[in-house]
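*Asks:* Construct all of the structure, not just a fragment, from the sequences and the given hints.
These protein sequence lines are chains A and B, in that order. With the numbering used here applied, the first sequence has no gaps in its numbers, which climb one by one up to 476 at the end. With the numbering used here applied, the second sequence has no gaps in its numbers, which climb one by one up to 476 at the end.
Hint data in this document are derived by calculation from the structure and do not stem from the laboratory. Even for Gly, the Cβ is constructed at its ideal location relative to N, Cα and C. There may be inaccurate statements among the hints.
Derived SDA-like pairs: lysine to any residue, alpha-carbon spacing no greater than 25 Å straight-line [as the list claims (entries may be wrong)]:
no., chain 1, residue 1, chain 2, residue 2
1, A, K352, B, R468
2, A, K373, B, E455
3, B, K22, A, E313
4, B, K373, A, N71
5, B, K352, A, L142
6, B, K352, A, R463
7, B, K45, B, N431
8, A, K352, B, N471
9, A, K185, B, A368
10, B, K22, A, E144
11, B, K373, A, K352
12, B, K373, A, E205
13, A, K22, A, P33
14, A, K185, A, K22
15, A, K352, B, E465
16, A, K123, B, L141
17, B, K352, B, N431
18, A, K352, B, T462
19, A, K352, B, A464
Quick look at which bits of chain B chain A covers, simulated, 3 or more residues with Cβ under 8 Å [to be verified]:
no., stretch
20, 197-204
21, 431-440
There are 2 protein chains.
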Amino acid sequence: MTLPLQIDYALALSEGIGPRAKVGAGHLSEEQPRFLAGLQRVLEKVRSGELGFWSLPQDEPLVDQLEAFRNTLPTEIRDVLVLGIGGSSLGARAVIHALTDPAENERPAENERPAQNGGAQGKALRIHFPDNSDPWLLSALLSELSPSSTVAIAISKSGGTVETAASLLVVRQWLQRELAASASKHLVAITDPERGPLRALANEEGWSSFEVPANVGGRFSVLSAVGLLPAQLAGIDIRALLQGARDMASVCERETLVQNPAGILAALHALHHRADRPIHVLMPYADALRPFAAWYVQLWAESLGKRLNTRGEVVEVGPTPVPAVGATDQHAQGQLFMEGPRDKLITFVSVKHPPRDLAIPESTGDYAYLGGKTLGALLDAERRGTAEALARDGRPSLTVEIDRLDGYNLGALLFVYEAATAIAGELYEVNAFDQPGVEEGKRLASGLMGRPGYEDAAAEITRAEASRPANCRFCG
Amino acid sequence: MTLPLQIDYALALSEGIGPRAKVGAGHLSEEQPRFLAGLQRVLEKVRSGELGFWSLPQDEPLVDQLEAFRNTLPTEIRDVLVLGIGGSSLGARAVIHALTDPAENERPAENERPAQNGGAQGKALRIHFPDNSDPWLLSALLSELSPSSTVAIAISKSGGTVETAASLLVVRQWLQRELAASASKHLVAITDPERGPLRALANEEGWSSFEVPANVGGRFSVLSAVGLLPAQLAGIDIRALLQGARDMASVCERETLVQNPAGILAALHALHHRADRPIHVLMPYADALRPFAAWYVQLWAESLGKRLNTRGEVVEVGPTPVPAVGATDQHAQGQLFMEGPRDKLITFVSVKHPPRDLAIPESTGDYAYLGGKTLGALLDAERRGTAEALARDGRPSLTVEIDRLDGYNLGALLFVYEAATAIAGELYEVNAFDQPGVEEGKRLASGLMGRPGYEDAAAEITRAEASRPANCRFCG
Numbered sequence: 001m002t003l004p005l006q007i008d009y010a011l012a013l014s015e016g017i018g019p020r021a022k023v024g025a026g027h028l029s030e031e032q033p034r035f036l037a038g039l040q041r042v043l044e045k046v047r048s049g050e051l052g053f054w055s056l057p058q059d060e061p062l063v064d065q066l067e068a069f070r071n072t073l074p075t076e077i078r079d080v081l082v083l084g085i086g087g088s089s090l091g092a093r094a095v096i097h098a099l100t101d102p103a104e105n106e107r108p109a110e111n112e113r114p115a116q117n118g119g120a121q122g123k124a125l126r127i128h129f130p131d132n133s134d135p136w137l138l139s140a141l142l143s144e145l146s147p148s149s150t151v152a153i154a155i156s157k158s159g160g161t162v163e164t165a166a167s168l169l170v171v172r173q174w175l176q177r178e179l180a181a182s183a184s185k186h187l188v189a190i191t192d193p194e195r196g197p198l199r200a201l202a203n204e205e206g207w208s209s210f211e212v213p214a215n216v217g218g219r220f221s222v223l224s225a226v227g228l229l230p231a232q233l234a235g236i237d238i239r240a241l242l243q244g245a246r247d248m249a250s251v252c253e254r255e256t257l258v259q260n261p262a263g264i265l266a267a268l269h270a271l272h273h274r275a276d277r278p279i280h281v282l283m284p285y286a287d288a289l290r291p292f293a294a295w296y297v298q299l300w301a302e303s304l305g306k307r308l309n310t311r312g313e314v315v316e317v318g319p320t321p322v323p324a325v326g327a328t329d330q331h332a333q334g335q336l337f338m339e340g341p342r343d344k345l346i347t348f349v350s351v352k353h354p355p356r357d358l359a360i361p362e363s364t365g366d367y368a369y370l371g372g373k374t375l376g377a378l379l380d381a382e383r384r385g386t387a388e389a390l391a392r393d394g395r396p397s398l399t400v401e402i403d404r405l406d407g408y409n410l411g412a413l414l415f416v417y418e419a420a421t422a423i424a425g426e427l428y429e430v431n432a433f434d435q436p437g438v439e440e441g442k443r444l445a446s447g448l449m450g451r452p453g454y455e456d457a458a459a460e461i462t463r464a465e466a467s468r469p470a471n472c473r474f475c476g
Numbered sequence: 001m002t003l004p005l006q007i008d009y010a011l012a013l014s015e016g017i018g019p020r021a022k023v024g025a026g027h028l029s030e031e032q033p034r035f036l037a038g039l040q041r042v043l044e045k046v047r048s049g050e051l052g053f054w055s056l057p058q059d060e061p062l063v064d065q066l067e068a069f070r071n072t073l074p075t076e077i078r079d080v081l082v083l084g085i086g087g088s089s090l091g092a093r094a095v096i097h098a099l100t101d102p103a104e105n106e107r108p109a110e111n112e113r114p115a116q117n118g119g120a121q122g123k124a125l126r127i128h129f130p131d132n133s134d135p136w137l138l139s140a141l142l143s144e145l146s147p148s149s150t151v152a153i154a155i156s157k158s159g160g161t162v163e164t165a166a167s168l169l170v171v172r173q174w175l176q177r178e179l180a181a182s183a184s185k186h187l188v189a190i191t192d193p194e195r196g197p198l199r200a201l202a203n204e205e206g207w208s209s210f211e212v213p214a215n216v217g218g219r220f221s222v223l224s225a226v227g228l229l230p231a232q233l234a235g236i237d238i239r240a241l242l243q244g245a246r247d248m249a250s251v252c253e254r255e256t257l258v259q260n261p262a263g264i265l266a267a268l269h270a271l272h273h274r275a276d277r278p279i280h281v282l283m284p285y286a287d288a289l290r291p292f293a294a295w296y297v298q299l300w301a302e303s304l305g306k307r308l309n310t311r312g313e314v315v316e317v318g319p320t321p322v323p324a325v326g327a328t329d330q331h332a333q334g335q336l337f338m339e340g341p342r343d344k345l346i347t348f349v350s351v352k353h354p355p356r357d358l359a360i361p362e363s364t365g366d367y368a369y370l371g372g373k374t375l376g377a378l379l380d381a382e383r384r385g386t387a388e389a390l391a392r393d394g395r396p397s398l399t400v401e402i403d404r405l406d407g408y409n410l411g412a413l414l415f416v417y418e419a420a421t422a423i424a425g426e427l428y429e430v431n432a433f434d435q436p437g438v439e440e441g442k443r444l445a446s447g448l449m450g451r452p453g454y455e456d457a458a459a460e461i462t463r464a465e466a467s468r469p470a471n472c473r474f475c476g
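*Replies:* So, in structure tokens, the structure goes:
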């Protein structure tokens, strides 16, 4: 079987680019035992039910539920507001951006397009992501949309995410003012099956709802209802997405490192990190994958950036992921990648067949040589030229290749990166599934917002701010 | 006079957060002589005419020209395609995104909005940035737009940027097919005043054109026609933008480091870099400033990431800029910033008065405490909570504050970052105004595209690719 995803890592090894790579095939071999032990720990957690993301692609009944839900929506619905932040929006955003045309989501509702997934109502909805508590974003959106044709999906695993709660309260009032009691038909919750304030509100008001499984963390939730419901409403074939993920799940269970794509990604990054390359750039040569790079940034940063290792020792480790897109970033970050410190490992993503291609017309003068070639060929030439220029200077890269951008291949790509992150957690010796570091900032902000029980936090931050030296300030 | 921009850097110094900052007020004082020498070198280049960006805000005649041009456009024009990449698009994008409503640019043409700048025709145009040679992006756009209501602006200082040339040839053909000879009224060039293929084409076909001054590099060109023309067409008050920049230009000439905002930014980053913090995060708490962060990434990376220092020694230096946006990235990169390696300096940007605010409605249960507060207050509380949580753990940050997002303040912000970059170049001892590293990749790509004179490059890359070990590849 030809797999939906290939990885070319010759340029990441000394064998391909010489000794300055500082990592060679021998290191990969040496990593095999550590990889295998790590993989086995991950798969043991999968089997015991502690770790849920690995099994999400099997969840066919969920797809049936989501399709059934689609058909219960009021027929006048045209727009979807996804109220979620971080892992509750980045996955759906990556999928929808990659698999729909760039202008489609903004197109006025009159120009309806058919759903790719043959949805019963035969049209795709426009999906909006006001994924910040910035009022600028949400108020502009609400002024464009109409309550009667909008459904809002609130997504928070705990139900306690304050940005999502605040946005939801605003949107709920906006719906209720026009729709009164039937607003509840325009509200959907995706949250814990039993607990939390979002679950309570959904139950009380009779909204439709879906679950974030207890054993699936936000940044690993793209193949649960969190990512699938918005994608399905956007008209995307989510069965193909799951099929791609499912096919890669079995490949990612292989016990030989160099036959396991997630293992290869995890091991190369860990090895290059040990060789003083803590900055991990993801640079798809495809504009459609910009939000995929943003999804990767969260996955990699939040999973691997940790104060403690698994033995409880203070280590303060973690690579810094950097998003880029080719060819655009050749004109922005390329200079730094090529001449700056040798502290980076760059992963290119190549899409062999662009979703649409454009022939470059014949012309005279300096541009004449472009005539008859295509923009897709140019993009590919730029990727190869960039990788080769880095390689000549002993700067490592690898290339993840997919044949085309469709649901099947994207599902494979998403799954491989999730699996790679879980395995990387083992190689970095950290818990890849928690995020304890964000609590303190939340606690202090809760104090400032007057949340009951956080009076101490309010006092602490007010006192701290007042105690700061006043002369460290430029004000004219 | 109250300046449009303030900088609070108490949390970047030991005086504010304790010895783990590793940088204190004393270091800033010690930096004064180096700063002053650097500033003088920069201003000498400004005076001699070698360095142009510092004087751009003075160019009132250009504004008159741009306004006059606006009135010569065919009245049916609704859409503008900006064909540029890197410095030829990031600046305009940052300005337009920051100063128009998020949905405005996508709004169908029927819903016209008045121009803020009181343009003679009283309406703002929609500006599109297909700033990649990815055919997916451009073909989708062309299928949405109509040639008769579209004007394309091709921007390339040298005229030789291959991605821009290729996109331009496609767009020019698309215009000519429908408009025949009058297509030339729908094409505009911004390029070198005399040289290069884009200048030649514009002259030959009689397009309107503007200059990129010879002494202004792409990433410093936002306040030239490169940034101002698209901004003006979007209905933005570009006189206010220039006024803000002009007011800061004089402040950025101050010879005392702690009175010079560009000096403070440059020195704090250089000092923290020397204290092993090579990663420089820019995190505006404002969704409208996301593209501003992307603009900063190019400015900082391409200016400071250099192989050679000014004495010609191989140094391979340069910070890695990382874009983020609050509060969203608290849920993505926050964990890494808080618990990962102590290799980062974070700059928050705070906008005191959000362009629109939204009241959070009253509710019962866990969210009740939010009732009566605003989304803007929540965003601000999150920023303060995050900065304080970092500070408590000895992790440094600084905060750039502006009063509100308008042309005047944004112009100030853009100028201060440009000036800071020029000064940082002096402190890093590199040439901040070249980008020699990107040539090799371009040369190899030109070879692959069959460009005459690049036959050697084609042979080199083909041979190199063929010589790579075949077994460093995962393919199933």
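*Asks:* Each hint: holds or not?
*Replies:* Now the hints, each set against the structure:
Note on A:K352 and B:R468: the hinted pairing holds, with a Cα-Cα distance of about 20 Å set against a maximum of 25 Å. The straight-line distance between the Cα atoms of A:K373 and B:E455 is roughly 17 Å, inside the 25 Å bound, and the hint therefore holds. Pair hint B:K22 plus A:E313 holds up; C-alpha atoms about 23 Å apart against a cutoff of 25 Å. At roughly 37 Å between alpha-carbon atoms, B:K373 and A:N71 are farther apart than 25 Å, so this suggested pair is violated.
For the given pair, B:K352 sits about 22 Å from A:L142 by alpha-carbon distance, which is consistent with the 25 Å threshold. About 21 Å separates the Cα atoms of B:K352 and A:R463, which keeps this hinted pair within 25 Å; it holds. Note on B:K45 and B:N431: the hinted pairing holds, with a Cα-Cα distance of about 12 Å set against a maximum of 25 Å. In summary, the hint linking A:K352 to B:N471 is supported, as the alpha carbons are separated by about 20 Å, within the 25 Å threshold.
Our distance criterion of 25 Å between C-alpha atoms is met by A:K185 and B:A368, whose separation comes to about 23 Å. About 49 Å separates the Cα atoms of B:K22 and A:E144, which puts this hinted pair outside 25 Å; it is violated. For a cut-off of 25 Å, the pair hint linking B:K373 to A:K352 is broken: about 50 Å separates their Cα positions. In summary, the hint linking B:K373 to A:E205 is supported, as the alpha carbons are separated by about 23 Å, within the 25 Å threshold.
Distance check on the hinted pair: A:K22 and A:P33 sit about 20 Å apart at the alpha-carbon level, within 25 Å; holds. Of the pairs offered as hints, the one joining A:K185 and A:K22 is violated, with about 59 Å between alpha carbons and a cut-off of 25 Å exceeded. Using a Cα cut-off of 25 Å, the hinted pair A:K352 and B:E465 holds, with the two alpha carbons roughly 17 Å apart. For the hint linking A:K123 to B:L141, the alpha-carbon distance of about 21 Å falls within 25 Å, and the restraint holds.
Restraint check for B:K352 and B:N431: not satisfied, since their Cα atoms lie roughly 35 Å apart, outside the 25 Å limit. Of the pairs offered as hints, the one joining A:K352 and B:T462 holds, with about 18 Å between alpha carbons and a cut-off of 25 Å not exceeded. The suggested pairing of A:K352 with B:A464 holds, with an alpha-carbon distance near 20 Å, which does not exceed 25 Å. Under the rule that three or more residues need a Cβ within less than 8 Å of chain A, the assignment of the stretch 197-204 of chain B holds, with 3 such residues.
Counting residues of the stretch 431-440 of chain B whose CB falls under 8 Å from any CB of chain A gives 5; the rule of at least 3 is met.
Of the numbered hints given earlier, the model fails hints 4, 10, 11, 14 and 17; all others are met.
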